[in-house]
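There are 2 protein chains.
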Amino acid sequence: MAKKIVIVGGVAGGATTAARLRRLDEQAEIVMFERGEYISFANCGLPYYIGGSITKRDALLVQTVEGMSEKFNLDIRTLSEVIQINRDRKTVTVKHLPTNKTYEESYDYLVLSPGASPIKPPIPGIDDANNLFTLRNIPDTDRIKAYIDHEKPKKAVVIGGGFIGVEMAENLWERGIEVTLVEMANQIMAPVDYEMAAILHQHIRDKGVRLILEDGVAAFEQNGRIVKLNSGKTIETDMIILAIGVKPESELAKQAGLEIGERGGIKVNEYLQTSDPSIYAVGDAIEVKDYVNGQPTQIPLAWPANRQGRIVADHINGRDVRYNGTLGTAIAKVFDMTVAATGNNEKTLKRLGIDYEVLHIHPNSHASYYPGAFPIALKLLFDRKTGKIFGAQAVGYDGVDKRIDVLATAIKGGLTVFDLPDLELAYAPPYSSAKDPVNMAGYVATNLIEEMVETIQWHEVNDLVEKGECIVDVRESIEREMGFIPNSINIPLGQLRKRLNELPKDKTIYVYCQVGLRGYLAARILMQHGFKVKNLDGGYKTYSAVYA
Amino acid sequence: MAKKIVIVGGVAGGATTAARLRRLDEQAEIVMFERGEYISFANCGLPYYIGGSITKRDALLVQTVEGMSEKFNLDIRTLSEVIQINRDRKTVTVKHLPTNKTYEESYDYLVLSPGASPIKPPIPGIDDANNLFTLRNIPDTDRIKAYIDHEKPKKAVVIGGGFIGVEMAENLWERGIEVTLVEMANQIMAPVDYEMAAILHQHIRDKGVRLILEDGVAAFEQNGRIVKLNSGKTIETDMIILAIGVKPESELAKQAGLEIGERGGIKVNEYLQTSDPSIYAVGDAIEVKDYVNGQPTQIPLAWPANRQGRIVADHINGRDVRYNGTLGTAIAKVFDMTVAATGNNEKTLKRLGIDYEVLHIHPNSHASYYPGAFPIALKLLFDRKTGKIFGAQAVGYDGVDKRIDVLATAIKGGLTVFDLPDLELAYAPPYSSAKDPVNMAGYVATNLIEEMVETIQWHEVNDLVEKGECIVDVRESIEREMGFIPNSINIPLGQLRKRLNELPKDKTIYVYCQVGLRGYLAARILMQHGFKVKNLDGGYKTYSAVYA
Ligand SMILES: Cc1cc2nc3c(=O)[nH]c(=O)nc-3n(C[C@H](O)[C@H](O)[C@H](O)COP(=O)(O)OP(=O)(O)OC[C@H]3O[C@@H](n4cnc5c(N)ncnc54)[C@H](O)[C@@H]3O)c2cc1C
Ligand SMILES: Cc1cc2nc3c(=O)[nH]c(=O)nc-3n(C[C@H](O)[C@H](O)[C@H](O)COP(=O)(O)OP(=O)(O)OC[C@H]3O[C@@H](n4cnc5c(N)ncnc54)[C@H](O)[C@@H]3O)c2cc1C
Ligand SMILES: CC(C)(COP(=O)(O)OP(=O)(O)OC[C@H]1O[C@@H](n2cnc3c(N)ncnc32)[C@H](O)[C@@H]1OP(=O)(O)O)[C@@H](O)C(=O)NCCC(=O)NCCS
Ligand SMILES: CC(C)(COP(=O)(O)OP(=O)(O)OC[C@H]1O[C@@H](n2cnc3c(N)ncnc32)[C@H](O)[C@@H]1OP(=O)(O)O)[C@@H](O)C(=O)NCCC(=O)NCCS
Numbered sequence: 001m002a003k004k005i006v007i008v009g010g011v012a013g014g015a016t017t018a019a020r021l022r023r024l025d026e027q028a029e030i031v032m033f034e035r036g037e038y039i040s041f042a043n044c045g046l047p048y049y050i051g052g053s054i055t056k057r058d059a060l061l062v063q064t065v066e067g068m069s070e071k072f073n074l075d076i077r078t079l080s081e082v083i084q085i086n087r088d089r090k091t092v093t094v095k096h097l098p099t100n101k102t103y104e105e106s107y108d109y110l111v112l113s114p115g116a117s118p119i120k121p122p123i124p125g126i127d128d129a130n131n132l133f134t135l136r137n138i139p140d141t142d143r144i145k146a147y148i149d150h151e152k153p154k155k156a157v158v159i160g161g162g163f164i165g166v167e168m169a170e171n172l173w174e175r176g177i178e179v180t181l182v183e184m185a186n187q188i189m190a191p192v193d194y195e196m197a198a199i200l201h202q203h204i205r206d207k208g209v210r211l212i213l214e215d216g217v218a219a220f221e222q223n224g225r226i227v228k229l230n231s232g233k234t235i236e237t238d239m240i241i242l243a244i245g246v247k248p249e250s251e252l253a254k255q256a257g258l259e260i261g262e263r264g265g266i267k268v269n270e271y272l273q274t275s276d277p278s279i280y281a282v283g284d285a286i287e288v289k290d291y292v293n294g295q296p297t298q299i300p301l302a303w304p305a306n307r308q309g310r311i312v313a314d315h316i317n318g319r320d321v322r323y324n325g326t327l328g329t330a331i332a333k334v335f336d337m338t339v340a341a342t343g344n345n346e347k348t349l350k351r352l353g354i355d356y357e358v359l360h361i362h363p364n365s366h367a368s369y370y371p372g373a374f375p376i377a378l379k380l381l382f383d384r385k386t387g388k389i390f391g392a393q394a395v396g397y398d399g400v401d402k403r404i405d406v407l408a409t410a411i412k413g414g415l416t417v418f419d420l421p422d423l424e425l426a427y428a429p430p431y432s433s434a435k436d437p438v439n440m441a442g443y444v445a446t447n448l449i450e451e452m453v454e455t456i457q458w459h460e461v462n463d464l465v466e467k468g469e470c471i472v473d474v475r476e477s478i479e480r481e482m483g484f485i486p487n488s489i490n491i492p493l494g495q496l497r498k499r500l501n502e503l504p505k506d507k508t509i510y511v512y513c514q515v516g517l518r519g520y521l522a523a524r525i526l527m528q529h530g531f532k533v534k535n536l537d538g539g540y541k542t543y544s545a546v547y548a
Numbered sequence: 001m002a003k004k005i006v007i008v009g010g011v012a013g014g015a016t017t018a019a020r021l022r023r024l025d026e027q028a029e030i031v032m033f034e035r036g037e038y039i040s041f042a043n044c045g046l047p048y049y050i051g052g053s054i055t056k057r058d059a060l061l062v063q064t065v066e067g068m069s070e071k072f073n074l075d076i077r078t079l080s081e082v083i084q085i086n087r088d089r090k091t092v093t094v095k096h097l098p099t100n101k102t103y104e105e106s107y108d109y110l111v112l113s114p115g116a117s118p119i120k121p122p123i124p125g126i127d128d129a130n131n132l133f134t135l136r137n138i139p140d141t142d143r144i145k146a147y148i149d150h151e152k153p154k155k156a157v158v159i160g161g162g163f164i165g166v167e168m169a170e171n172l173w174e175r176g177i178e179v180t181l182v183e184m185a186n187q188i189m190a191p192v193d194y195e196m197a198a199i200l201h202q203h204i205r206d207k208g209v210r211l212i213l214e215d216g217v218a219a220f221e222q223n224g225r226i227v228k229l230n231s232g233k234t235i236e237t238d239m240i241i242l243a244i245g246v247k248p249e250s251e252l253a254k255q256a257g258l259e260i261g262e263r264g265g266i267k268v269n270e271y272l273q274t275s276d277p278s279i280y281a282v283g284d285a286i287e288v289k290d291y292v293n294g295q296p297t298q299i300p301l302a303w304p305a306n307r308q309g310r311i312v313a314d315h316i317n318g319r320d321v322r323y324n325g326t327l328g329t330a331i332a333k334v335f336d337m338t339v340a341a342t343g344n345n346e347k348t349l350k351r352l353g354i355d356y357e358v359l360h361i362h363p364n365s366h367a368s369y370y371p372g373a374f375p376i377a378l379k380l381l382f383d384r385k386t387g388k389i390f391g392a393q394a395v396g397y398d399g400v401d402k403r404i405d406v407l408a409t410a411i412k413g414g415l416t417v418f419d420l421p422d423l424e425l426a427y428a429p430p431y432s433s434a435k436d437p438v439n440m441a442g443y444v445a446t447n448l449i450e451e452m453v454e455t456i457q458w459h460e461v462n463d464l465v466e467k468g469e470c471i472v473d474v475r476e477s478i479e480r481e482m483g484f485i486p487n488s489i490n491i492p493l494g495q496l497r498k499r500l501n502e503l504p505k506d507k508t509i510y511v512y513c514q515v516g517l518r519g520y521l522a523a524r525i526l527m528q529h530g531f532k533v534k535n536l537d538g539g540y541k542t543y544s545a546v547y548a
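For the protein sequence lines, the chains are A and B, in the order given.
Our numbering numbers the first residue of the first sequence as 1 and each following residue consecutively.
Our numbering numbers the first residue of the second sequence as 1 and each following residue consecutively.
Hints are supplied without guarantee of correctness; some may be wrong.
[Said to hold, decoys possible] Residues of chain B placed beyond 12 Å of chain A at every Cβ, according to the derived structure:
hint: 1; residue: Glu104
hint: 2; residue: Tyr194
hint: 3; residue: Gln295
[Said to hold, decoys possible] If the Cβ cut is set under 8 Å, some of the chain B residues that face chain A in the computed set are:
hint: 4; residue: Trp303
hint: 5; residue: Thr326
hint: 6; residue: Ile331
hint: 7; residue: Ala340
hint: 8; residue: Ala367
hint: 9; residue: Pro421
hint: 10; residue: Tyr427
Keep in mind that the hints were calculated from the coordinates and are not lab data.
These numbers were taken from a predicted model, which means no experiment stands behind them.
For each residue, glycine too, the CB sits at the ideal point set by N, CA and C.
Let's have the full structure, built from the sequences with the hints guiding it.
Spelled out as structure tokens, the structure:
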């Protein structure tokens, strides 16, 4: 007899499940419920449609109900909310929103892909703010766009410096709106660490966005014309975007008695089955296992939703497929820059008490002599003993996505930092260097592990300055005009061997250069001449991203 | 006692070895001989300096003799050719070219990195052609550039459609010169297969370059003003670039009795030692092991030279490091397009009698709704049984380098096609799709192995047409206006389920669409309704790249 599969949610996870189910089984009965009017739309494109770089609204609709029904022979019911799961009789109760009529629909397998909804806390005045928006779907998008087109706001406040907040800040700016971005933490873009985000802070401010960190919203006043912050600051504004995160839509699952994780995500096993094996769940609504550290986490991104949807369809059809956890590879365009990360960041490793080693390098995106090369700030976190790669972060104007993808692939391939120099990546001057940035990260990591050099981190410098330690700048003197570490002395690398007598043998010498390379060369020279020496990891560039 | 290392050749392999040697050992005596005037120059940038996109000649000089000597405390001797290796007494004989004086220099370890020289066969008239150039180093570059600047040639013939030939064709064209590119084989860019190169042929011709395939040079006449081809064609020209390949500079090694491979490369072991363990060799001059098939090969590229140079320095210093073979990852800019490849191509696998499966897809470089997305023609070769990845090729306007790098990493990580869907790559609309092209390749490969669909290849189509087989075009009828396979009938995918009765149950149905995706969906429907069906891999797009 034909299987009957009911799917809740018709976008990333849901629509993917439906399509693959049909390819696997022409006979199955497949019913897909979607609360909204649209299925299979490009969530990720919404900010860019508002900003105007995507010009056609239709382009956001990846599949239409008619098209998809026809191609995949599906029973798609939009404006239909599943309001209850009746596990005992294997049915769902559905409310047809235009008529408010409810009915039951039976299933053999139920797939939940309800996503996550924007967090909207009960901040005083929030309900009276008639210029406040959240962004999740097409109607939200239409509302924001109509407001901008008709009300022509001059000023906007974006609350939340995550992906959606930053993308919205950029896209409102594209529309000529004066933007203030407010973030509670000390940095935007939580997947990267502070000193990496600092590069973005600078860039965003250079673009003319007012960035307020370490401050939250206390209240909205005058129907949202005034945003009052915890610090007491007030901001006048014509519109507000609230983008402080999303929470899994797990209420339905919870009411049905399915297991829910601590942070509200639906719990699933490696086959993506909930605690009821005939009910699967995927996408933003579920809790996943962190691929690197094995801990439960939530990663509301499109790749996992798509991947999980396909796996569920396969498993329902008897295939032995598993979901192995989520790395959390993520990327965003931030004005002219790109920020991307994969695996665990330093904050996470610290929190979990995992021992790690860290490096920062600034290689060019491609051969420096070929036009269009820009440095990439690349950070790598790894295990000092095994060389296991915990995570990587990159910020730059060019070639950032490629390096993070290569590193994400390396992690999934179980490669260690010792293998990175052996990655044979494509080189011609417009694309890379003969040693790709990823190779370089491998070299630098290996040198750390093999004790070719010891390093200190950017955040340790000011302390050394205060203590009056011996800090040696090995750059050319002209480079110091753009800034240097206070109280550092200058001995250019080329003169070092001749000026060894100027340096103390009894205390540690801290060397630095612009990015870490010449500092490393200096360290090698000094170490072999019997000095105690440490090199500033990432050089003045990483240090000054935070302190200059 | 301090080791004394003598290096022959001061560019990619040689200079890298010297730098790393010094970092490892401050005491070592390091002598680097270079025949030319310059060391450590950017070979790969030379065509772009001629073309004008690199404007400063200085930018080509990565390191100067003074700078490098100082930084690394090296004894660098330019204009000094090593003319003999005296293995018995561990010395080399050196000729100082300006003075013609020779002397001996002793070594504990000798490192050969002499590179490869342009092939210049004794074609009739070649010695009288005073407008004929080859390109390897700075003096060659100066000569070519001066000729263009002063003689203002209107027409040029480039002989050889490899990387350097194609780059030179493009860069001469950039200078406003009418270019004819002559290639003996039926395709340019040998690392990719014919149907992939066909995309480039079209693009090059669209740019106005005259491309002559399957024809070689028979003679040069009138001091190089006439190029006569084997076919009898004659081409008038103002200048000629000869770029038909390079041959290892292994003469010195050969005379010293070191083992030489069949194709002229110096033989080395996994530590890059020649048959004399105190003599190492790296770079273009050596024979390497093909990483995929294990056979000896020659890969004259910069990544291997750099990697090998570092390994040699490490091995001389007692470290246990090995060179594991070369994948041959390669890339080139071809006007507005990029072509890249890694691992083995179909020609190689066929030649070696290795059983393989093949797929072609055409995914967008990033989300199609975000501006600037272009399709990537991506070809994957793999083992049908194990899923082992043999190689990959890509051609497109955007995102080609990233996908080949990810696949090269996957190969080095020992990942199979079954793992590709699990690569968690960075997605936001400007960078990729929720299923990255590499994920997609994994899905398509898995479907082939799991017999979800059978495919035919582009080169099998015309035969089927001739035999009057049943070929069904499942695209929308409007898409046929841009071309279709002769004698194919049109049943758009959306109508297929309703029109099954129009199709024969007793013979194989060959379905196709634009890129292979809808053909796959059609195949799934038909298979499950009891039809015998095969899908055209890569769709009309791959087919028409060759035949339209
Ligand atoms: C503005 C924006 C930008 C984004 N940008 C990126 C990006 O660049 N990269 C990236 O990786 N990810 C991005 N994301 C996240 C990505 O879109 C989500 O991770 C992905 O869509 C999750 O898929 P899902 O199927 O779990 O949920 P969704 O795609 O949200 O689909 C869930 C659907 O279920 C419906 N639903 C919920 N409950 C019910 C019910 N009870 N009955 C019927 N229907 C129901 C909802 O109406 C919704 O349409 C972005 C998201 C947004 C909002
Ligand atoms: C125009 C051009 C473009 C290129 N583009 C790319 C590209 O985009 N990507 C890529 O990966 N590769 C590219 N390459 C290839 C790359 O440059 C080589 O693979 C690499 O330089 C090889 O390094 P090597 O040390 O073996 O040889 P080389 O870099 O050629 O150095 C060898 C040196 O040894 C010297 N020498 C030889 N014999 C003696 C002797 N007996 N005594 C003293 N000195 C001697 C030579 O004068 C020469 O300078 C390109 C090459 C050229 C010429
Ligand atoms: C579009 C959507 C309905 C999914 O449909 P889908 O059919 O699974 O996905 P695609 O159209 O990408 O096609 C993938 C399938 O085609 C196959 N395929 C792709 N290219 C192919 C080709 N050239 N030849 C043969 N098969 C091909 C793949 O193997 C895969 O099939 P499989 O799963 O059976 O292996 C769903 O992803 C969706 O709704 N997306 C929009 C929402 C969303 O993802 N939002 C977040 C990001 S903005
Ligand atoms: C430049 C050249 C002399 C090599 O010098 P090199 O010092 O080995 O290479 P780089 O300058 O790239 O530096 C790499 C070293 O710096 C280290 N390094 C790089 N960035 C670093 C950073 N930010 N912090 C600390 N160390 C760093 C690496 O670990 C590596 O050292 P290691 O080998 O001891 O591990 C040589 O590659 C050359 O001559 N190149 C031009 C010719 C050529 O390659 N042609 C073909 C391509 S056009």
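Hints and how they fare:
no., hint, in the structure
1, Glu104, "28 Å, holds"
2, Tyr194, "21 Å, holds"
3, Gln295, "17 Å, holds"
4, Trp303, "5 Å, holds"
5, Thr326, "7 Å, holds"
6, Ile331, "4 Å, holds"
7, Ala340, "5 Å, holds"
8, Ala367, "6 Å, holds"
9, Pro421, "7 Å, holds"
10, Tyr427, "5 Å, holds"
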